[in-house]
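Using the sequences and the accompanying hints, generate a full structural model.
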Amino acid sequence: MIRRLNRWRKAIWRIAKWPVRIACVVLIPLLIPVAYVELACRGDATEQTYPPLITDAAFQRREANTYLTYPEWHIVYAYDGLAETLKNGDEHAFDYFWSVAGFWRSTCALMRVADAHGGADFDTRSMIHTIGISFTAEMAVKAAYEETIGRTTAWLRGRDKTAEDRAIAAIAIDYAAFLRQTPWYQYPFTSKIGELWSAPNGDFFRGLERRFGIGMEFAAKAAYARAIGGAVAATAPAKLTVRSVVTGIREVRLRGIPDVTVIGGRGGGFEIETPRYDLFTRILVEIATHGGTIQEIAGNDDIMVTLTVPGGADIPLQRGTVLHRMKRDGFRSDRLIVEVKVPALAAFLRDHPLGDPGLEHVFDY
Numbered sequence: 001m002i003r004r005l006n007r008w009r010k011a012i013w014r015i016a017k018w019p020v021r022i023a024c025v026v027l028i029p030l031l032i033p034v035a036y037v038e039l040a041c042r043g044d045a046t047e048q049t050y051p052p053l054i055t056d057a058a059f060q061r062r063e064a065n066t067y068l069t070y071p072e073w074h075i076v077y078a079y080d081g082l083a084e085t086l087k088n089g090d091e092h093a094f095d096y097f098w099s100v101a102g103f104w105r106s107t108c109a110l111m112r113v114a115d116a117h118g119g120a121d122f123d124t125r126s127m128i129h130t131i132g133i134s135f136t137a138e139m140a141v142k143a144a145y146e147e148t149i150g151r152t153t154a155w156l157r158g159r160d161k162t163a164e165d166r167a168i169a170a171i172a173i174d175y176a177a178f179l180r181q182t183p184w185y186q187y188p189f190t191s192k193i194g195e196l197w198s199a200p201n202g203d204f205f206r207g208l209e210r211r212f213g214i215g216m217e218f219a220a221k222a223a224y225a226r227a228i229g230g231a232v233a234a235t236a237p238a239k240l241t242v243r244s245v246v247t248g249i250r251e252v253r254l255r256g257i258p259d260v261t262v263i264g265g266r267g268g269g270f271e272i273e274t275p276r277y278d279l280f281t282r283i284l285v286e287i288a289t290h291g292g293t294i295q296e297i298a299g300n301d302d303i304m305v306t307l308t309v310p311g312g313a314d315i316p317l318q319r320g321t322v323l324h325r326m327k328r329d330g331f332r333s334d335r336l337i338v339e340v341k342v343p344a345l346a347a348f349l350r351d352h353p354l355g356d357p358g359l360e361h362v363f364d365y
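For the sequence shown, counting from 1, position 325 maps to 325 in the working numbering; every step adds exactly one.
Honestly, the hints are just simulated from the structure, not real lab data. For glycine and all other residues, C-beta sits at the position ideal for the given N, C-alpha and C.
With a cut-off of at most 30 Å between alpha-carbon atoms, the simulated DSS-like pairs for lysine-lysine come out as follows: (1) Lys239 with Lys341; (2) Lys87 with Lys142; (3) Lys142 with Lys221.
Derived Cβ-Cβ restraints for the label pairs, each shown as a range: (4) Pro258 with Gln186: 18 to 28 Å; (5) Arg325 with Phe205: 37 to 47 Å; (6) Gly230 with His290: 36 to 46 Å.
Right under this line is the structure:
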């Protein structure tokens, strides 16, 4: 009986060992940057002593979160860069591994900064690592495909892009814009497969490869998006608004700004509620343009912004401290990640208008 069990164990191991080994080969490289960030990219956690003007706990956020929202936006910017690359080149011209390296380098730098502002909680760190692993795996698969099959069909096609290439480039631009305000899993990937297949086929090999290769990518993303969307629906939804305290601007002017809700008087000015994400940046720019001052955001007096600058250019900042500098994916310019005191934010926004080069984003919490 014992011998029979041992034979069964050996037979099962012979069958199972290869999937286990393959899983280890795939997972270990993906987990290495996670381990590095957790072990080497930590600072001394410092509790915040700033007394918030906003007293409703539901609208107070951890100050550390302004720094830890960047990794998600790095993925948005990666798709911006891919869309920029596709305006004149092909997918294989995009540096996928540089983008992945930029994700983990910036996460490491900002994790240390976040620790000095109260630190990241376990759920936030887990979320960052999860999206980092997913992004790394996606970029690795896409790089492997585009550097082999994609590059070959592009060579066979020649310099002139096909209708499928142009359709994919248009979808990339649309997707990058979509991500600035809406979660990726709400993007209509399935309908985009239809758009791709409806493009007239001008080059047999490249057209067929783009339709099947990129179509399969969209189909996989659509399936993954449905799973993520279902999981999100089963949990508490993220708060999509943020509250701030502003001064130096009349109430009637505030009420005239789209998407701004005036809650009431606060701190010598007004407490307002606005959408988060890209609209938040544009609303703050409008408030600053009208001479207003932002005194507090979500109960905090520090916030992070990004600027785009010409590659290698030295841009002196009168207000704010550069936390990290990186080359932008797909562009010939750099990104500065800057920490600004909230009361100085309006003046900072007037110094650096929204544009490229210029102000890119104001991160909320």
